[in-house]
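Order-wise, the sequence lines are chains A and B. Quick note: the first sequence uses my numbering, first residue 1053, plus one each step. Quick note: the second sequence uses my numbering, first residue 11, plus one each step.
No lab work stands behind these hints: they were computed from the structure. One thing to keep in mind: the hints can contain errors.
What the hints assert, rightly or not - Computed cross-link-like contacts, DSS-like style, restricted to lysine-lysine with a CA-CA straight-line distance of at most 25 Å:
1) B/K339 / A/K1371
2) B/K589 / A/K1371
3) A/K1371 / B/K66
4) B/K66 / B/K140
As the list claims (entries may be wrong) - Among chain A residues calculated to face chain B with C-beta under 10 Å, some are:
5) D1315
6) L1347
7) G1378
8) Y1674
Said to hold, decoys possible - One-sided excerpt, in silico: chain B residues whose CB lies under 10 Å from chain A:
9) F302
10) G305
11) I357
12) L596
13) Q603
We treat Cβ as the ideally placed atom computed from N, Cα and C, and that holds for glycine.
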Amino acid sequence: MWWGGRGQSFNIAPQKEEPEMGSVQESRMPEHRSRQPSSCLASRCLPGEQILAWAPGLRKGLEPELSGTLICTNFRVTFQPCGWQQNEVRWLGGLSRVQLLRPGSLLKFIPEEIMIHGRDFRLLRVGFEAGGLEPQAFQVTMAIVQARAQSNPAQPYSGITLSKAGQASGSRKPPVPLMETAEDWETERKKQAARGWRVSTVNERFDVATSLPRYFWVPNRILDSEVRRAFGHFHQGRGPRLSWHHPGGSDLLRCGGFYTASDPNKEDIRAVESMLQAGHSDVVLVDTMDELPSLADVQLAHLRLRALCLPDSSVAEDKWLSALEGTRWLDYIRACLRKASDISVLVTSRVRSVILQERGDRDLNGLLSSLVQLLSAPEARTLFGFQSLVQREWVAAGHPFLTRLGGTGASEEAPVFLLFLDCVWQLLQQFPADFEFSEFFLLALHDSVRVPDTLTFLRNTPWERGKQSGQLNSYTQVYTPGYSQPPAGNSFNLQLSVWDWDLRYSNAQILQFQNPGYDPEHCPDSWLPRPQPSFMIPGPPSSVWLFSRGALTPLNQLCPWRDSPSLLAVSSRWLPRPAISSESLADQEWGLPSHWGACPLPPGLLLPGYLGPQIRFWRRCYLRGRPEVQMGLSAPTISGLQDELSHLQELLRKWTPRISPEVHSKKRDPHTILNPTEIVGILKGRAEGDLG
Amino acid sequence: MLGKGVVRRGRRTKGPKPSFVSYEIHTNEKEVTEKEVTLHLLPGEQLLCEASTVLKYVQEDSCQHGVYGRLVCTDFKIAFLGDDESALDNDETQFKNKVVGENDITLHCVDQIYGVFDEKKKTLFGQLKKYPEKLIIHCKDLRVFQFCLRYTKEEEVKRIVSGIIHHTQAPKLLKRLFLFSYATAAQNNTVTDPKNHTIMFDTLKDWCWELERTKGNMKYKAVSVNEGYKVCERLPAYFVVPTPLPEENVHRFQGHGIPIWCWSCHNGSALLKMSALPKEQDDGILQIQKSFLDGVYKTIHRPPYEIVKTEDLSSNFLSLQEIQTAYSKFKQLFLIDNSTEFWDTDIKWFSLLESSSWLDIIRRCLKKAIEITECMEAQNMNVLLLEENASDLCCLISSLVQLMMDPHCRTRIGFQSLIQKEWVMGGHCFLDRCNHLRQNDKEEVPVFLLFLDCVWQLVHQHPPAFEFTETYLTVLSDSLYIPIFSTFFFNSPHQKDTNMHQRQLSLPLTQSKSSPKRGFFREETDHLIKNLLGKRISKLINSSDELQDNFREFYDSWHSKPTDYHGLLLPHIEGPEIKVWAQRYLRWIPEAQILGGSRVATMSKLLEMIEEVQSLQEKIDERHHSQQAPQAEAPCLLRNSARLSSLFPFALLQRHSSKPVLPTSGWKALGDEDDLAKREDEFVDLGDV
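Isolated chain A, as found in the complex:
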């Protein structure tokens, strides 16, 4: 019941950061005087979780104030209200990122109230009993600080993972292909009908690049030895790989920057060129960094946004909008959407090879290529499709999650993935009927980037991830009763990913991931049949373009090495956008998309709006910490739909005896919320049956 619920149903701060100890307010005396929490609390602990300290306290900032117990374990800080009946695991996240705001000042006073700022924009405020004079208050505060100091972010909390995995027995299949085996890649390739491509095993031992996945797609006719040599001429060995094959025939590729210092021979250049060309006569090279924020920009914007959204932010109401604008966060979202929309037009409007090129190829390339797929491929907008998209374009492609989310404490922190999630949320807002998942799913994903229970977001490269999951056993230091030794050599099955949602959420909550407004009728299963172009057109491409500043410029050659330095190296940043920029690329390619007539756009393609008023602020994510705002955030239309759905179900139940077996099998539990389309399908089936 945490879908925009009220009061206690709000999930308390999962992640701690900057616990600010201070005698901020007089603490009130709670009536509850439990002195033996350990016994009752122990039962709520996760396997392997140890209670480090606890103290009775009073949760503040919400109406009504709750009395209960503040507990610090080796995994989380949790506040358990007394009389809390639900046997609900409250995932409050790991201690990995706690930072003490004033580390030295701790001993100087007795805390009356502790405020814990979560990195996910939440705030836990607990006042202690008796003005903090009880020794427990001091102990728990110290424990939180110490736990933060000791915990190693790179080391996942494995108790829960293992115990759950143990329960699930050896032969479980990951809910989403983890793209760690050649079969996964082959399956996905077939699904995309990318006939000119094959799975390359050249990086099986991670010796081409540790940041690349074991397997990736390269053109059919390129030999592995050529791949190996060609990749050496790219920054960090990240050569051009297929990201997505458009059903219409175009290919979306991604690669790192050209390694300008290298001196490739003719053969290598030919290999590189034909990999980029991918058999198309029309090649567009996209400078990913062009017009998009730098990593430092993203980080700064996110910090500012967090400062703005914290419950104690002091921005006046009438200055809120300009403060929001000042964070530039929405501006960056807009830039990403605009660029992604342009690229999806490029990919869709004609058969060509579109190459996303970013120097590192690990951040904005992933963002853009995922967004392009969301915009142009209806399959990517399903729950399964989206999860595999993230797994493929972010996790397997080697987005350095740990560094970007600040896990290593390095300066390269930049929440690119969170920026991506916000972009997806914007799309969800603009096209509520086109996505199978709900805002709630995005929130869950947003929160899980910091929960240290799976390796998905805790490693920088596929190589590290693979290494760790192989050694998973060695992390089991704690005896857990429910845990049985996994069969040796079967560690693959044991590897849990963030997509195993049942680790964290109850079934009822997982059901909320479904968007009731999803209308797959909008998403044709089959694309317009298009003749596959004759693959591998011999000879050089007939046209090579550089896409930058919203316009295409002809390029003389693809690779920079032959005569002149790379055109990408000569940044186009200072070039003004051409005057025509007011017209989006879609206008240029098709005439105005805003024309209202009969489907001017290819089916399945979404063109997002990116005007100032259309980019919205994700309140339900960023303002969760504000008690006064967090109330009543549930979307009324959605709940209205839910009402309708339950109404329909009631009607369905009346019909149950008449439902034919195969329809019945789809019906699942009567208490589950049915996918609306299924209902409609069932109803239509019934109606036709009746008529016939």
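Take the given structure of chain A and dock chain B to it, following the hints.
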């Protein structure tokens, strides 16, 4: 477009940037006249002047596309009749406004007229020495029209430009309003359903009924002292005052200084309003005024009346001047002549929005209304609103309070009755505030629009609490400028009655005309305007037990409880919560359109679901009664057009004016290499090669 039987010579190029201009011209005059779209005139409407071969720009852009046609000015509207108007297909005509077409601008809707002389834009007014080559019309509903007069005969340009300027900008007499010619000519054939009847508050019975409904009849009485406007022309013929108030008090200062009842809360506290006594220098008169007021206050301070809190809206609240300035800044954000300009400002959207302070004004209004609600609901006090004439901010605040406290006002009928009671009978000077007569620009203040925007915030935040949707509000705001409804064209009920009676009209417009919905859109769109989620509103407000002392506590505690849509309803007023009424302000901007997206998509899904539920219900009923009910499939409005744009239903009006599309050519002809090469030349800038 082709194959319509009209001979056209395609692709003739004229104009400043010949390479970009692509339009079609009629050359065969005869056939044109045959095919010419007829101008639809309303009863009583007269054609004043016209000009042919006017080019209406689709968008002022680097590319200038346009449609040729006739520009016409009548005594009701300016209309543009495109030459290929007939190209509209039937599918979309069902959304057409019955009175005002896509290219029609009622004279009252015109805000500013600009002329372009040698690329320079100037405001046009008065007598012109030189006639512009381009005419830009900004409308009050934020449409922007651009007409090129370069190809029009000089005579016609003179006639049409001066005609338009005269009829829209020059001061006008009240009796010259189109309203009267329409009322004379039109037959009164409005049939009102007695059940769905908006209360007009023009009879004593209506007021008594309202008193009874709110249980205010114990302490307040409806009086007919102003019957025939004997006492005061500002006040309605009937109104409600505290029971012990002697009627001669009303006579004393022509109704000034009299507490007039607006609404009673379930706990007995009431909302009152009072217009201030005239300001006097003379000490003697001041003394008299003081003792008079003391007497009045004594009456209403004594039990059974609750303690009275006085809210002076004219001194320490918003000024009309502020509202006017804010709105004129705010609307500039949406009046887009030129999309390049638009993109330049787009980046600063939020700070521009903030600097207009329109949203802040909305917040202050909502906040004031919450404060008053708190006094009445939590502290059980009477609140007396005080304003100079009690006809601007008084109307706004008291309507908002009632909307928040009284669920009846959140039904469509209830809302219309509320507008009728507080605004029309409350003597809001619509004529002056909308500047319908163009007599004084300073008086033009969009107070009613501000109210609608406040209501929109409430509707947007709590859609299930309202029977109507934002579309209803948008349509209502448009009807301010359509002079066939008498509702919004008078300064007071007295003015309306005298004018309408003098001319011995059969008042066709008095009944339920504040409902533009009725017979205004065709029936198919009815259920769009009615909120689908609006639930039957029956319960009364839950009384809160605790007496709370201040606004913040009241506000916080309300928001921390589950919302009862049938009870007290408070808006969120924090910074991020006050939003732009996108449907009203953005609907004419093609760039703002999201194809197949936005709330409309959710809405169509909802409609679909409801339809399913209904058909299932019918089927079940059928089985139960084992009867054969011939079941015609209810036509679903949105079913056929599964992907509507976010600007629906208004975007349709824009549809026609878009650029020519190459819809499928890019899609189908992909394999065709020759075609590819050709089209690449069109869009690639080869300047550098």
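Problem set entry | Hints not upheld, ascending by number | The structure breaks hints 3, 5, 6, 9 and 10; every other hint is satisfied.
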